[in-house]
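Can you join these two chains into the complex? Each is in its own frame, and there are hints to help.
For reference, the chains in residue letters:
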Amino acid sequence: MTDESSFESFYHQTAPRLRAYVVRVIGHAAPAEDIVQDAYLRLLRAPPPIHDPDELRAYLFRIASNLIHDHWRRQRREREVSDHTTAAPNMANPDPALKVDMARVFAQLKPQQRQLMWLAYVEGAEHSEIAAALGLRQGSVRVLLHRARHKLASLLRQRETTSAGEPR
Amino acid sequence: MSDERDDELVTQWMRELAALPIEAPPLPDAAYIWWKAQLLKQWDTQRTVLAPLEWGERVQAAAGLAGAAVLLILSSSPLAGVATGVLLLTAALAAAWWRESLG
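Quick mapping for you: the protein sequence lines, in order, are chains A and B. The first sequence runs 7 to 174 under our numbering. The second sequence runs 33 to 135 under our numbering.
Source of the hints: derived by calculation from the structure; they are not laboratory data. Check each hint, because a few of them may be wrong.
Computed beta-carbon distance windows for the label pairs [said to hold, decoys possible]:
hint: 1; chain 1: A; residue 1: Thr8; chain 2: B; residue 2: Ala51; range: 33 to 43 Å
hint: 2; chain 1: A; residue 1: Lys116; chain 2: B; residue 2: Pro60; range: 29 to 39 Å
hint: 3; chain 1: B; residue 1: Pro60; chain 2: A; residue 2: Asp60; range: 19 to 29 Å
hint: 4; chain 1: A; residue 1: Arg153; chain 2: B; residue 2: Gln44; range: 35 to 45 Å
hint: 5; chain 1: A; residue 1: Asp60; chain 2: B; residue 2: Gly96; range: 11 to 21 Å
Chain B regions said to be covered by chain A (calculated; three or more residues, Cβ under 8 Å) [said to hold, decoys possible]:
hint: 6; segment: 56-65
hint: 7; segment: 71-78
hint: 8; segment: 91-105
We treat Cβ as the ideally placed atom computed from N, Cα and C, and that holds for glycine.
Isolated chain B, as found in the complex (with noise of 0.2 Å):
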């Protein structure tokens, strides 16, 4: 009995907060939020697109910065000769493979 004049009363009282007007500047156009959702989107699927290659060039860094490490560690050691074959070897092979894809 109490719960039903409880549900009652608050049903009431609800209505009349609900019928409040709110005093709000009035909602954003609807084509607006549709063009913004789409602009997101597209970003979205740009970062998607750009991830691999964003970690493709991090690896890259990463593996020169290793290769001159390893040179340095060579250059100064006994084995300084081998180092100097691998540098000379390499570039012998960026050069080759630098004409082929010119010609």
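If we strip away everything but chain A, and leave its shape as in the complex, we get (with noise of 0.2 Å):
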């Protein structure tokens, strides 16, 4: 990426997804549009060695995961400081346009369950993918891919059984 016409055209391909990945990851839209970006010039800062533009996108998303990791790390030493500890912090804010309903079902998944289930599921990453963008084994990806899934589907149920008995 050394020419401002190649970024411009990976950066159209690109950024759409990585910031609908970071708005459904973290709950809202705001820190999503700083993350968004500072992933961008990280990656423009120090170029990894990298040609193939779907690496350079997994190493975007890789980037994007980690400074994710740094947003919840935040969040959780300014609730320690506010002693909020009963606030739900990923989906303090959650985006509008993003049906109440669906917000709080994938708000139940643990964050790194709902990172494994947009990487895999949205994005369609392979485990070796996942495991290089969340600094995990390739075991572990297929493990606590399984456990996600399972959940997901658990509280999909759930909340069928719920409103399939709710009065009409």
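So this is what it looks like as structure tokens:
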């Protein structure tokens, strides 16, 4: 990525998807904007010796995943300081366009499970790519993804049962 | 079998989630990010170039302070004559170097 035009084309291909990943995983749009911008700045300031666009995209998602973890760490520290331990940190200000119901279901997954599910099901990433993006072992990804899928399926079934039992 | 059902259910639901529009301001312009990154890279380069100079300045200041301390100790001891000699010699050498650098 040595010239502006190649960056521009890479940016247009990846930015909307990267933003969707960050917004859905952290649950609100404002910090997601900063994380997305920071991810591109880091990529440009210290470009890796990668020329394949798919690998570069995976690398970008890895940077963003690290920034998401930093964001969570910062939030945890701030929560400890302000002692708002009961607040739901990651979905405190949900994206208004996200249906409340879907947001609630997705928020019930652990943060890492949301990352795993998004990368696997929306980005269609291979286990090796997810492992690289989240700093996990490939074998662990398989197990964690299985658990996340099972948990989400249970939540969805539970939701179906609840909504079927509601009076009309 | 149950795993397959889970997978179908989850795949469909994730697809719906991914299709939801995101309520957020438009993404920043690619040219703006490129420009900002170039600026940050320039600062990084400047910092790398200036780092040895800044380090040298610190060493210079530390050496000056150490020299002053030595002279102070020497001046209050019976070796005051030596201290004066060192001071005069240093001044003479500095003057000679200065004259040479001018001429």
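Hint check results:
Here the CB-CB span from Thr8 of chain A to Ala51 of chain B is close to 35 Å, well matched to the stated 33 to 43 Å. The supplied range of 29 to 39 Å is met by Lys116 of chain A and Pro60 of chain B, whose beta-carbon atoms lie about 31 Å from each other. A C-beta distance of roughly 24 Å is found between Pro60 of chain B and Asp60 of chain A, which places it inside the suggested range of 19 to 29 Å. For the pair Arg153 of chain A and Gln44 of chain B, the beta carbons lie near 19 Å from each other, so the given range of 35 to 45 Å is not met.
One distance hint, 11 to 21 Å for the beta-carbon pair Asp60 of chain A and Gly96 of chain B, is violated here, with the actual separation near 57 Å. Judged by the Cβ-Cβ criterion of 8 Å, the segment 56-65 of chain B is covered by chain A as claimed, because 7 of its residues qualify and three suffice. Restraint check on the segment 71-78 of chain B versus chain A: 3 residues with Cβ-Cβ distances below 8 Å, three needed, restraint holds. Under a criterion of three residues with beta carbons nearer than 8 Å to beta carbons of chain A, the stated coverage of the segment 91-105 of chain B fails, only 0 such residues being counted.
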